[in-house]
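Taking the hints as your guide, dock the two standalone chains into a single complex.
Going line by line, the protein sequences match chains A and B.
Just so you know, we're using the numbering used here here: the first sequence kicks off at 115 and counts up by one.
Just so you know, we're using the numbering used here here: the second sequence kicks off at 199 and counts up by one.
Derived from the structure by calculation, the hints contain no laboratory data.
Ideal placement from N, C-alpha and C gives every residue a C-beta, glycine not left out.
In the DSS-like style, the derived pairs of lysine-lysine whose C-alpha atoms are separated by at most 30 Å in a straight line are:
1) B:Lys427 / B:Lys204
2) B:Lys365 / A:Lys297
3) B:Lys405 / A:Lys297
4) A:Lys313 / B:Lys207
5) A:Lys313 / B:Lys375
6) B:Lys340 / A:Lys322
7) B:Lys365 / B:Lys254
8) A:Lys303 / B:Lys394
9) B:Lys375 / B:Lys204
10) B:Lys405 / A:Lys313
11) A:Lys297 / B:Lys375
12) B:Lys440 / B:Lys427
13) A:Lys322 / B:Lys335
14) A:Lys121 / A:Lys142
15) B:Lys405 / B:Lys394
16) A:Lys313 / B:Lys334
17) A:Lys322 / B:Lys334
18) A:Lys172 / A:Lys199
19) B:Lys375 / B:Lys340
20) B:Lys237 / B:Lys254
21) B:Lys241 / B:Lys440
22) A:Lys297 / B:Lys394
23) B:Lys340 / B:Lys204
24) A:Lys303 / B:Lys405
25) B:Lys394 / B:Lys375
26) A:Lys313 / B:Lys340
Derived DEER-like restraints, expressed as beta-carbon distance ranges:
27) A:Ala220 / B:Met285: 39 to 49 Å
28) B:Phe214 / A:Glu300: 35 to 45 Å
29) A:Ser161 / B:Pro450: 48 to 58 Å
30) A:Arg124 / B:Gly345: 52 to 62 Å
31) B:Met285 / A:Pro122: 33 to 43 Å
Partner residues are not named here, just some residues of chain A that face chain B (Cβ under 8 Å, in silico):
32) Lys270
33) Gly271
34) Asn274
35) Pro276
36) Cys277
37) Gly279
38) Trp295
39) Leu311
40) Ala317
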Amino acid sequence: MIVGERKPVRELLDLIEGYDKILMVGCKGCVSVCNAGGSKDVAILASALRIARRKQGKPIVIDELTLDRQCEPEFIEWLDEPMKKGGYQAILSLACGVGPQYIAEAFQDVPVLAGLNTSFIGGTEAHGIWAETCSACGDCVAGAFGGLCPVTRCAKGLLNGPCSGSVDGTCEANPDTECVWVKIYERAKNLGRLDTLEKMALAKDWSKSLSAGPRKIIRKDLTT
Amino acid sequence: MSGQTKLEKALAQGQFAVVCQCPSVRGTDLAPVRDFAAKVQGKSVAVVAADNPGAKVGASALAKAVALLGAGVEPVMEMSTRDRNRMALESDLLGAGALGVRNVLCTDGTHPAKGDHPQARRVYDVDAVQWTAFVKKISQEKSLSNGLSVSGDAGFFAGGLVNPFVKSPEMHLMALKKKVRAGAGFLLTEPVQDPKRFGEWLETVKKLDPADQCPVIGAVLLTQEGGAKAGLDLIRALQALKGLAGVCILAPECEDLIPEVLNQAF
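If we strip away everything but chain B, and leave its shape as in the complex, we get (with noise of 0.2 Å):
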């Protein structure tokens, strides 16, 4: 399991990744999960599994993953900080691993009270910068976050989420920093819906130095009132950015979309 995953290896080598977002299961048939995953695997370097996006539950990421993986794509597991403490979050790490799963997007996730849970109890043992410093050490010291030793060729790529469109650009932009020296080696961003905005961010991302920042995969989400077009014009829009690493298509409840915009502007 050693070696860099389809991920890190077309971000290191400059390559434009292209991204997308499974389909939500709030059942136990992940066929939903497999079909995307034929239609898009020529085009998605990988696929990421959400962890209850949204905080409204579904079939695990874990779950999600491991099907992707048996139809033929590499997945990006979401590892959210907000409904497992640090000792489910290592557990299901390692079971991830042992499974082939190995990119890993550690968030915070948003927070219950806007989900359809309500009442659950939030976790945040950890944050999502504390999780991605022990995602990393898991893989380069081999080791728990207790120093306890962790056996097998357990290596990550870990990835954190930023966002760009916020008042505080500054503020951010610590957390940001924070997140690539805890280990992130992508920042995944909240949708684009403003190119030009989003590019003037992406400089001073770039300008930061260069143990600060790491590769940028811009989101593009995609609206069944939008469809596909208004999904093509903001990912050529994005394609134009100089520095941008890639973009993840996302377009919950409505992933039909996603196969049409990829073959269309891939």
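Bound conformation, chain A alone (with noise of 0.2 Å):
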């Protein structure tokens, strides 16, 4: 899933200065999941931000929806029926980066602030704990090394074994990461399969990545 994280209160501020109502639209997709934008998230982020807002003396009207995805052209319809009686100066989107781009795309005369920093895509570790695990490179190879993805997992991203800093197994630049190579070569030895890793993994094909541009993706089958 899509994982991210609310943006510090103290920016937040930043973003609705000016604006004394205001329509906060939570995510009941990725965002939820990770605690960050789903509607228990959407509740305490505007409570806290009226609160401050309060304190400083300039109180907010501070209005919440959570949309089932705000992924979806179709349930970012729902807010048209707030948007018109609402007198909103401004949305603030709880959603991933889509969201925001989403809701602009439908209200062209509001501006659309972004409350969430989106980060990876993951998935849960433990509770409260997510991991970057996919960077979405377009052509995956995560099958050539056991399932596991050393384009995203690596730090250097590196297709032929470990570099010369995965001293102790740990991550030359994020020591509390363990080297994924140290995991893609015990899998492979595990199953018999080092034999695998002993063929040079060719220089990937960025050309399939955002590195060519936004990509999208047509699916002639299901298009009317």
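Right under this line is the structure:
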């Protein structure tokens, strides 16, 4: 899933400076799962911002609404009614980076703010802990590495083995992280498939990634 | 520009190759590099020009390499894949060849997180193994990585970096073999602190299939605290190791120690 973190309150206060009435929109998708932008998180944040603004002597009205997902134009339409009646000066989205953009597309005349720092594609390691696992490179080679992705989980994205900085099994760049090459190597050894790591992995084709510009997938079998 | 480099020849002839690393310069005056070259000229078969070592920015490895050449010393130009994509690497390699630089040390390089520009975007378009293979392609097939032909006598002697002092030597040996098969003609190690442990590792390497190994040059790190004496002791211990092809002396920010050590040791 997409994992993100709410922006610091100080930064959010700067973002909403000058507005007296805003609509805060949460998302029940990925950001709900990582406790960053779901309805509970919206409620907590709205409360914190109201209190902070009251302290500043600049009270603010923040209405809350959480959509099933903000990456679906159909769901964004649910904002139509509230926006017509509400008189909101800005919309603060707590979804991942897709949300603010889809909302902006639907509401051309209202400033749209992003309340979340979208961080990565990852999964849950333990309750309250999420880790980056996939970098959406567009040309998955995890199968060649026992199902693990060195493009993402090696800080240098090395495809042919560990760097000299992997001394004690931890990553040179992030000593709190295990060197993924240790995992890849041990797994291959365990499965009796060390031979699959012997041949040189070819240089990646980055033209399939964001490197070549924002990507689009068109499924002709699904389009009307 | 065809024919072996001095370093290549020394290694091929089984001479104990003495290599050292020139100072980094965070500026535009490479006098320290030229002065260093003048002092080590007689003893060092080649001098390494590091590529933003430790992920700390200094004048480019190419500029230092050319300065070394001008001062009469054969350079080994390090090319890390951290900061430049394959286009810039290939371009710099051709430029280096045009300027007379032919020894190339292909490395992954220290991660930016540990250097002085941690906000910089890391590149790693290719890794050291893949870059070594591209250098070989330019040298032997006279072709860029995309198949387009390369003119001129471009021929390079490529090397790689290895770390014998690791928790999982078997895993690192796998990477070592790939570097050799990709085209590395020499291997430089991380600094040796325990000559006995290093000797044991070296024996393992020498037992590999000939296609999976190449001459190993052991690095010796000099520090201000340890001074020349500590370095000399270590060098003497390495010289006694069977199968070691040479030493590379590093003394980051105290390169003045190197000429003294070279004169005493060799």
